[in-house]
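Read top to bottom, the protein sequences are chains A and B. Throughout the first sequence, residue numbering follows UniProt numbering, covering 1 to 346 in sequence. Throughout the second sequence, residue numbering follows UniProt numbering, covering 1 to 346 in sequence.
These are computed hints drawn from the structure, not numbers from a lab. Fair warning: there could be bad hints in the mix.
[What the hints assert, rightly or not] Short derived list, chain A residues pointing at chain B, Cβ under 10 Å:
1. 59
2. 82
3. 115
4. 121
5. 152
6. 156
7. 184
8. 186
9. 322
10. 326
[Said to hold, decoys possible] With a straight-line Cα cutoff of 30 Å, these simulated BS3-like cross-link-like pairs (lysine-lysine) come out:
11. 251(A) to 293(B)
12. 251(B) to 298(A)
13. 308(B) to 298(B)
14. 184(B) to 251(A)
15. 184(A) to 308(B)
16. 298(B) to 251(A)
17. 298(B) to 269(B)
18. 293(B) to 269(B)
19. 269(B) to 228(B)
20. 184(B) to 293(A)
21. 293(B) to 228(B)
22. 184(A) to 7(B)
23. 293(A) to 7(A)
24. 7(B) to 251(A)
25. 293(A) to 251(B)
26. 308(B) to 228(B)
Because the structure is a prediction, the values reported are computed rather than measured. Note that CB positions come from ideal geometry on N, CA and C, so glycine has one too.
The primary structure of each chain is shown beneath.
There are 2 protein chains.
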Amino acid sequence: MKLATYKDGSRDGQLVVVSRDLSQAHYANGIASRLQQVLDDWGFLSPQLEELYTSLNHGKLRHAFNFDPKQCMAPLPRAGQWLRGSAYLSHLQLLRQARGETGDAGLDLDPLLVQGASDDFRGPCEPGRFASEAMGIDFEAGLAAVTGDVEQGVTPAQALEGVRLLMLCNDWSLRQLQASEQAKGQGALQSRPAVAFSPVAVTPDELGAAWSGGRVDLSLQTMWNGRKVGQCDAGPEMGFHVGQLIAHAAKTRRLRAGCVIGTGPVSNKDASRGYSCIAEKRALETLDGGAPKTAYMKFGDTVRIETKGRDGLSLFGAIDQDVMSLHDEEPVDAAPATTFAADAAE
Amino acid sequence: MKLATYKDGSRDGQLVVVSRDLSQAHYANGIASRLQQVLDDWGFLSPQLEELYTSLNHGKLRHAFNFDPKQCMAPLPRAGQWLRGSAYLSHLQLLRQARGETGDAGLDLDPLLVQGASDDFRGPCEPGRFASEAMGIDFEAGLAAVTGDVEQGVTPAQALEGVRLLMLCNDWSLRQLQASEQAKGQGALQSRPAVAFSPVAVTPDELGAAWSGGRVDLSLQTMWNGRKVGQCDAGPEMGFHVGQLIAHAAKTRRLRAGCVIGTGPVSNKDASRGYSCIAEKRALETLDGGAPKTAYMKFGDTVRIETKGRDGLSLFGAIDQDVMSLHDEEPVDAAPATTFAADAAE
Numbered sequence: 001m002k003l004a005t006y007k008d009g010s011r012d013g014q015l016v017v018v019s020r021d022l023s024q025a026h027y028a029n030g031i032a033s034r035l036q037q038v039l040d041d042w043g044f045l046s047p048q049l050e051e052l053y054t055s056l057n058h059g060k061l062r063h064a065f066n067f068d069p070k071q072c073m074a075p076l077p078r079a080g081q082w083l084r085g086s087a088y089l090s091h092l093q094l095l096r097q098a099r100g101e102t103g104d105a106g107l108d109l110d111p112l113l114v115q116g117a118s119d120d121f122r123g124p125c126e127p128g129r130f131a132s133e134a135m136g137i138d139f140e141a142g143l144a145a146v147t148g149d150v151e152q153g154v155t156p157a158q159a160l161e162g163v164r165l166l167m168l169c170n171d172w173s174l175r176q177l178q179a180s181e182q183a184k185g186q187g188a189l190q191s192r193p194a195v196a197f198s199p200v201a202v203t204p205d206e207l208g209a210a211w212s213g214g215r216v217d218l219s220l221q222t223m224w225n226g227r228k229v230g231q232c233d234a235g236p237e238m239g240f241h242v243g244q245l246i247a248h249a250a251k252t253r254r255l256r257a258g259c260v261i262g263t264g265p266v267s268n269k270d271a272s273r274g275y276s277c278i279a280e281k282r283a284l285e286t287l288d289g290g291a292p293k294t295a296y297m298k299f300g301d302t303v304r305i306e307t308k309g310r311d312g313l314s315l316f317g318a319i320d321q322d323v324m325s326l327h328d329e330e331p332v333d334a335a336p337a338t339t340f341a342a343d344a345a346e
Numbered sequence: 001m002k003l004a005t006y007k008d009g010s011r012d013g014q015l016v017v018v019s020r021d022l023s024q025a026h027y028a029n030g031i032a033s034r035l036q037q038v039l040d041d042w043g044f045l046s047p048q049l050e051e052l053y054t055s056l057n058h059g060k061l062r063h064a065f066n067f068d069p070k071q072c073m074a075p076l077p078r079a080g081q082w083l084r085g086s087a088y089l090s091h092l093q094l095l096r097q098a099r100g101e102t103g104d105a106g107l108d109l110d111p112l113l114v115q116g117a118s119d120d121f122r123g124p125c126e127p128g129r130f131a132s133e134a135m136g137i138d139f140e141a142g143l144a145a146v147t148g149d150v151e152q153g154v155t156p157a158q159a160l161e162g163v164r165l166l167m168l169c170n171d172w173s174l175r176q177l178q179a180s181e182q183a184k185g186q187g188a189l190q191s192r193p194a195v196a197f198s199p200v201a202v203t204p205d206e207l208g209a210a211w212s213g214g215r216v217d218l219s220l221q222t223m224w225n226g227r228k229v230g231q232c233d234a235g236p237e238m239g240f241h242v243g244q245l246i247a248h249a250a251k252t253r254r255l256r257a258g259c260v261i262g263t264g265p266v267s268n269k270d271a272s273r274g275y276s277c278i279a280e281k282r283a284l285e286t287l288d289g290g291a292p293k294t295a296y297m298k299f300g301d302t303v304r305i306e307t308k309g310r311d312g313l314s315l316f317g318a319i320d321q322d323v324m325s326l327h328d329e330e331p332v333d334a335a336p337a338t339t340f341a342a343d344a345a346e
């Protein structure tokens, strides 16, 4: 099934079920109002949502309405944990080479997984707001998994059973702040503003055979200012699968329902596939000509991230974000959908 | 006021108001059931809780009951963000010296603040459960602040206005896993299991003049296996005050209500004050005699952390945790308090 969270002025929004083709939606109230509730009690609530989803797909719901990604918050607007992986090793290797580092640093032995902030996940069409272009504004297009409860010390295979939902994410990165944070050896904080997610989160069964061994065997398309810059395969070159990432996080403590784990930017060895973050393009340019040529993003730029299923339909909907100055006026949101009010008034 | 969260079998527990002397408590239902709700809507809900608190302190509530820290979850059992500071510079300097690092590394220029996990905050009397003593089990006794909403780019003074609650914390550390994680330059994950918090969280006004300029001018006592090992002053030697820590975190993004920011282990230049984490003791031994003598914690060890106000009374209640093997049976919890059921049945 496919789930989204509609803006309603609250911090957690309103859970909606979205049809497979992303055309229709229906509020899940009566079952659950927030996605975290569903994750907290998955065994009981998810079958009820699945039933609603089936009816929605069959066009049987009188109060279904047109699904509008612009009304979406992140599927899970806040969570207990966000972990940023770097599971595509060619991404790490390329950046290391461009920095002149040698050796493989054991990148394939142990996943790189870093704590991030989960208090303020952003919706797919919310702008990224930054104080200055000089910070080196970059997108990072990747996938993310939402977990159920995961026990301490699980194996990667057991951890895979804890995957509840999959999404796309754009993990904004401020590259010019990154070097000094990395030099401290304590991970990223200021260089990692709020992450944005796709309109819908989907259960792994929606991917069919494309969800295989903890990897999403589909390609992820990234458009920068309307131009396709990446069409990277998310499957075979993922060095650590989602279960390995989760098990790594759970080695010394349990994870509680609603943890979100990102794959990091999808990256392929074949440079003709393009890139999922500008840093990679700049690394290639540095290796080619001694210096990067492509500048980071400017205010007014856009990024669009989308993945199509094997049926050719958009799987998660698209992340579609503008880059804005912190000091600009917030664009006026479209009026909230009125359907909920009508439903609630019944 | 003083707030705690009682176990009720749910993930977020039941919010209770606790009397100033920590002897009595009263459920906050009717006002709010969860602390996160209060943080989400502080302006509206906190005055109602303050009223309840005043009545409780005056012994006017018929359904008040004896407060039992063993019934407590963390005041905020899960949150959107946990940031671990290292605000006491003597702690950082001592550990650096023992590792043979020279220079001051600009420690006083920019706060060290690291993302942690906030999905599973632990109660004050829950055991720490670890797979092996060989991981180098260490406590870290410090203070923590819970924020309201904080805008991107605030000044330290503005950030201080965002402090809603203060608590004690024990930020468990697995020292033998730390070095390899630090070598990756990406911060701690496996070396930082679930953090535990004091029974109650208090509004800063409870500290009176001891809450001054974003510092808690009181001492923090740490007992290891019943022996006092630290009585460290939390005030003057805090190199960055809480507002500076919050502003550092909010430089490139807003913080949403319920972020928890820890000070790191309280540490003084005067070694006769003792220590708030074993790593410091071992660093001193290394500097004295070339090698550490004090071993890390063993299964069966205990740690107790407490701070008394200027009136001599326990301010936050005590963190009182056992170290247990992951594979031991969970100790049988005391039966949940029955008072809530009685209240609810009214």
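Notebook entry, point to check: Which of the numbered hints are not met once you compare them with the structure shown?
Noted result: 1, 6, 9, 15, 22, 23
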